[in-house]
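Number of protein chains: 2
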Amino acid sequence: MNEILEEMGKKAAIAKQDMIRLNTNQKNHALRQAAAALMAAASEILEANQTDVENGRKNGMKKSLIDRLSLTEDRIRDMADGILNVAALQDPIGEVLDMSKRPNGMIIGKRRVPLGVIGMIYEARPNVTSDAFALCFKSGNVVILKGGSDAIYSNRAIVKVVRKALEAAKINPDCIQLIESTDRNVTAEFMKMNEYIDLLIPRGSAGLIKATMENSTIPVIETGTGNCHVYVDKNADFDMAVKIIVNAKTQRISVCNTCESLVIHKSILSEFLPMLTAALQEQGVEIRADKECMKICPELKEASEEDFYTEYLDYIISVKTVGSLDEAIEHINKHNTKHSETIVTKDYHNANRFLDEVDAACVYVNASTRFTDGNEFGFGAEIGISTQKLHARGPMGLRELTTCKYVIYGDGQIRE
Amino acid sequence: MNEILEEMGKKAAIAKQDMIRLNTNQKNHALRQAAAALMAAASEILEANQTDVENGRKNGMKKSLIDRLSLTEDRIRDMADGILNVAALQDPIGEVLDMSKRPNGMIIGKRRVPLGVIGMIYEARPNVTSDAFALCFKSGNVVILKGGSDAIYSNRAIVKVVRKALEAAKINPDCIQLIESTDRNVTAEFMKMNEYIDLLIPRGSAGLIKATMENSTIPVIETGTGNCHVYVDKNADFDMAVKIIVNAKTQRISVCNTCESLVIHKSILSEFLPMLTAALQEQGVEIRADKECMKICPELKEASEEDFYTEYLDYIISVKTVGSLDEAIEHINKHNTKHSETIVTKDYHNANRFLDEVDAACVYVNASTRFTDGNEFGFGAEIGISTQKLHARGPMGLRELTTCKYVIYGDGQIRE
Chain A
1 MNEILEEMGK
11 KAAIAKQDMI
21 RLNTNQKNHA
31 LRQAAAALMA
41 AASEILEANQ
51 TDVENGRKNG
61 MKKSLIDRLS
71 LTEDRIRDMA
81 DGILNVAALQ
91 DPIGEVLDMS
101 KRPNGMIIGK
111 RRVPLGVIGM
121 IYEARPNVTS
131 DAFALCFKSG
141 NVVILKGGSD
151 AIYSNRAIVK
161 VVRKALEAAK
171 INPDCIQLIE
181 STDRNVTAEF
191 MKMNEYIDLL
201 IPRGSAGLIK
211 ATMENSTIPV
221 IETGTGNCHV
231 YVDKNADFDM
241 AVKIIVNAKT
251 QRISVCNTCE
261 SLVIHKSILS
271 EFLPMLTAAL
281 QEQGVEIRAD
291 KECMKICPEL
301 KEASEEDFYT
311 EYLDYIISVK
321 TVGSLDEAIE
331 HINKHNTKHS
341 ETIVTKDYHN
351 ANRFLDEVDA
361 ACVYVNASTR
371 FTDGNEFGFG
381 AEIGISTQKL
391 HARGPMGLRE
401 LTTCKYVIYG
411 DGQIRE
Chain B
1 MNEILEEMGK
11 KAAIAKQDMI
21 RLNTNQKNHA
31 LRQAAAALMA
41 AASEILEANQ
51 TDVENGRKNG
61 MKKSLIDRLS
71 LTEDRIRDMA
81 DGILNVAALQ
91 DPIGEVLDMS
101 KRPNGMIIGK
111 RRVPLGVIGM
121 IYEARPNVTS
131 DAFALCFKSG
141 NVVILKGGSD
151 AIYSNRAIVK
161 VVRKALEAAK
171 INPDCIQLIE
181 STDRNVTAEF
191 MKMNEYIDLL
201 IPRGSAGLIK
211 ATMENSTIPV
221 IETGTGNCHV
231 YVDKNADFDM
241 AVKIIVNAKT
251 QRISVCNTCE
261 SLVIHKSILS
271 EFLPMLTAAL
281 QEQGVEIRAD
291 KECMKICPEL
301 KEASEEDFYT
311 EYLDYIISVK
321 TVGSLDEAIE
331 HINKHNTKHS
341 ETIVTKDYHN
351 ANRFLDEVDA
361 ACVYVNASTR
371 FTDGNEFGFG
381 AEIGISTQKL
391 HARGPMGLRE
401 LTTCKYVIYG
411 DGQIRE
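Chain order of the listed sequences is A and B.
Quick note: the first sequence uses the working numbering, first residue 1, plus one each step.
Quick note: the second sequence uses the working numbering, first residue 1, plus one each step.
Hints are not guaranteed to be accurate.
Pairs count within a copy or across copies, as identical chains cannot be separated in the list.
[As the list claims (entries may be wrong)] Straight-line Cα separation of at most 25 Å, DSS-like style, residue types lysine-lysine; simulated pairs:
{"hint": "1", "residue 1": "192", "residue 2": "210"}
{"hint": "2", "residue 1": "101", "residue 2": "295"}
{"hint": "3", "residue 1": "11", "residue 2": "170"}
{"hint": "4", "residue 1": "58", "residue 2": "301"}
{"hint": "5", "residue 1": "192", "residue 2": "10"}
{"hint": "6", "residue 1": "62", "residue 2": "192"}
{"hint": "7", "residue 1": "334", "residue 2": "11"}
{"hint": "8", "residue 1": "295", "residue 2": "58"}
{"hint": "9", "residue 1": "291", "residue 2": "266"}
{"hint": "10", "residue 1": "346", "residue 2": "192"}
{"hint": "11", "residue 1": "346", "residue 2": "110"}
{"hint": "12", "residue 1": "334", "residue 2": "192"}
{"hint": "13", "residue 1": "101", "residue 2": "346"}
Hints are computed from structural coordinates only; laboratory data are not their basis.
This is chain A alone, in the form it adopts within the complex (with noise of 0.2 Å):
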């Protein structure tokens, strides 16, 4: 293993068990340090992001890529902000579950702890370093970050600060570490540190995530594809249904829990569609339809199969007609990424077998899926949406960053 990221793990390891001895009060101390030492930094973070903004442009970086990546004196006071939401919220950790007396007298109980080791994968975003650092301190984790390149010296900055105000509270300050190298490959050996990292969560474009899926060793947290659907039953409230759909497709275009594809029952398309299509014409959305939608409104664009698995972030939406629920739910479960689908219905039954049936993180009844985010869940914070089934599925909160251990407390007992 490369030598630098050798030395992060075995700090990380040496950290990891200081942390356990942190309690609630000293971590939320810390970050409330954490966030002022940001706000006090402002003018050198500021300044080291000026110079990745400006190597961004040298390098003819987009310019929505250009816009995540520049920080302001408004955006590090969200960042520390952000630190003192945490802090705020309650800690997971210790919490014990299903505490009882076994009929020989031990007493059994499934303690909440810490992972461990968190590592995260992200693109230029210098909001999710404080991000991830507040959410993994708080939940007990060392983190180790490794930030777009393009962001480095903001990161840097960041890391400095936060680092340097848990010194100050008397804090192993290795519970943040910063990967600076921006070479390739030692991304690839940072997602094999199988002996030093607990998990990895990548967090950014589809292509990061499944970079991440195919070459970590580590197990890694699936997050954020959305290909989600709203499917419009035959006894639909028509004017609620293309409130929704126009919510869930243009409230917010490149997220993950918009709506990409509709599914509309059969006997409702002559009235629906032309009423669904003005609406989203009207946002300037681009309709990919069936042959049976264009039957109807034969101005539409005609949907490939491939539209079908798209998730287009962008002013464009497929749809597909269906005879039936047991179709619109093979539709969906075939399609989606197993994040948010919503059916809207009057119908009790199918609402339902919708909410039984479809396979995904969030099923909806009647409502967008774009409230598939752990701050309108009431989790207070987020560390992405989980669209995998095994740890953590939906919104990512606190709780998700932790663990269980049995405890057992004995006086003698032998099995016999």
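For chain A, the structure is supplied; the task is to place chain B on it using the hints.
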């Protein structure tokens, strides 16, 4: 992909949707029918098993393995009883956690649902076949089994009987499928069926588990390797310590929760070690000790560093001397397999520190490591003991074979 596997995967996908529609009564009825069918078909199963046993003898199979492979009328009754026990357990599916009404009126709950399709890879114990079926079926999952080729006739007979019982109960028999090929390439392909399988559980030797972890692209739960320690603290009750160590080492020699290594505080060595040595030697246990021990009991065999990493599954135990609790914790965290660890102590502070700082699925004060077991913990049944941190840790019961989905009941909510 191999055509037969592809076919099995497709059938499993259909069976998975059928399973979702079954309620607990239907599942329990089918389990009871399957148990009765196994008893009724005992002679047929014994005959098939006879072929396996004869082949095993011809191929020079070890006596201990022949014993694990051999079925008797009693063992078939045990298998049937095992299925009935699972039928009597509470159904985890459908439980809703943390349901609440959000400020905008949406009701959000976290519903426990099946994982989907579970793959099991195991060796020459035919009882795992019925066991795995019962646990997966009760938790609403489809199971695809890959048993050891040495048990292929027995497994085929058992699966045939269970499938017939399911059909009679009007349940899709494809919710249990057996890979009949004994070709190693097929097993390798089975481990890469991500499209169809949600979770792979290997059960058996350390070699099987390692090979599965390394070759599978499907999420795997690592089970069973146990390099478990007993630490005897400065303030231990010596009689209790000896009783616990003898039990943890010798009560059943070949299982993962057996103690393989001791850690002893230096200050008690001269008084405690001779007592312990006498008790262990009486049970025929060979002791491999460090230099400090050999100063006191020079007749002991010297331990190598490798010994401290070894799961013997035999009448051998290693002993390490430490100067402090810190050293003990460090030694254990370095050498253990994160399975089960015990401290024997009368000291309140040390007991708590051990529980906090030792990294393992199960940490004990003053009790034998042999209790790490689904039945002993009160889960009623167990599919394995997870030594990893994600998804499941420690003895895995029905609940660990499930995942969650968020269900959201709205009445037209959109995100502002």
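* **Homomeric proximity label, residue 334 with residue 192: Cα distance no greater than 25 Å** => between (32 Å within a copy, 19 Å between copies)
* Asked: Checking residue 346 and residue 192: alpha-carbon separation at most 25 Å within a copy, between copies, both or neither?
  -> neither (50 Å within a copy, 42 Å between copies)
* **Alpha-carbon proximity context of residue 192 and residue 210, limit 25 Å** => Both: 15 Å inside a chain and 16 Å across chains, each within 25 Å.
* To do: Pop the pair residue 295 and residue 58 into one bin, within, between, both or neither, using alpha-carbon distances up to 25 Å.
  => Classified as neither; 50 Å inside a copy, 70 Å across copies.
* If the cutoff is 25 Å on CA atoms, where do residue 101 and residue 295 land: within, between, both or neither? Let me know, please. => Neither: 68 Å inside a chain and 42 Å across chains, both beyond 25 Å.
* To do: Give the relationship of residue 334 and residue 11 under a CA distance limit of 25 Å: within one copy only, between copies only, both, or neither.
  => between (45 Å within a copy, 15 Å between copies)
* Asked: Is it within, between, both or neither when you check residue 58 against residue 301 at 25 Å Cα-Cα?
  -> Close neither inside one copy (38 Å) nor across copies (68 Å); limit 25 Å.
* Given identical chains, is residue 291 near residue 266, meaning Cα to Cα at most 25 Å, within a copy, between copies, both, or neither? -> Intra 12 Å, inter 81 Å, cutoff 25 Å: intra-copy only.
* Should residue 101 paired with residue 346 be assigned to within, between, both, or neither, using CA atoms and 25 Å as the limit? -> between (48 Å within a copy, 20 Å between copies)
* Checking residue 346 and residue 110: alpha-carbon separation at most 25 Å within a copy, between copies, both or neither? -> between (42 Å within a copy, 23 Å between copies)
* Could you place residue 62 and residue 192 in one of the four classes (within, between, both, neither) given a Cα distance threshold of 25 Å? => neither (31 Å within a copy, 38 Å between copies)
* **Homo-oligomer pair classification [residue 170, residue 11; C-alpha up to 25 Å]** => Result: close within a single copy only, 16 Å intra versus 59 Å inter.
Comparing the model with each numbered hint stated earlier shows that hints 2, 4, 6, 8, 10 do not hold.
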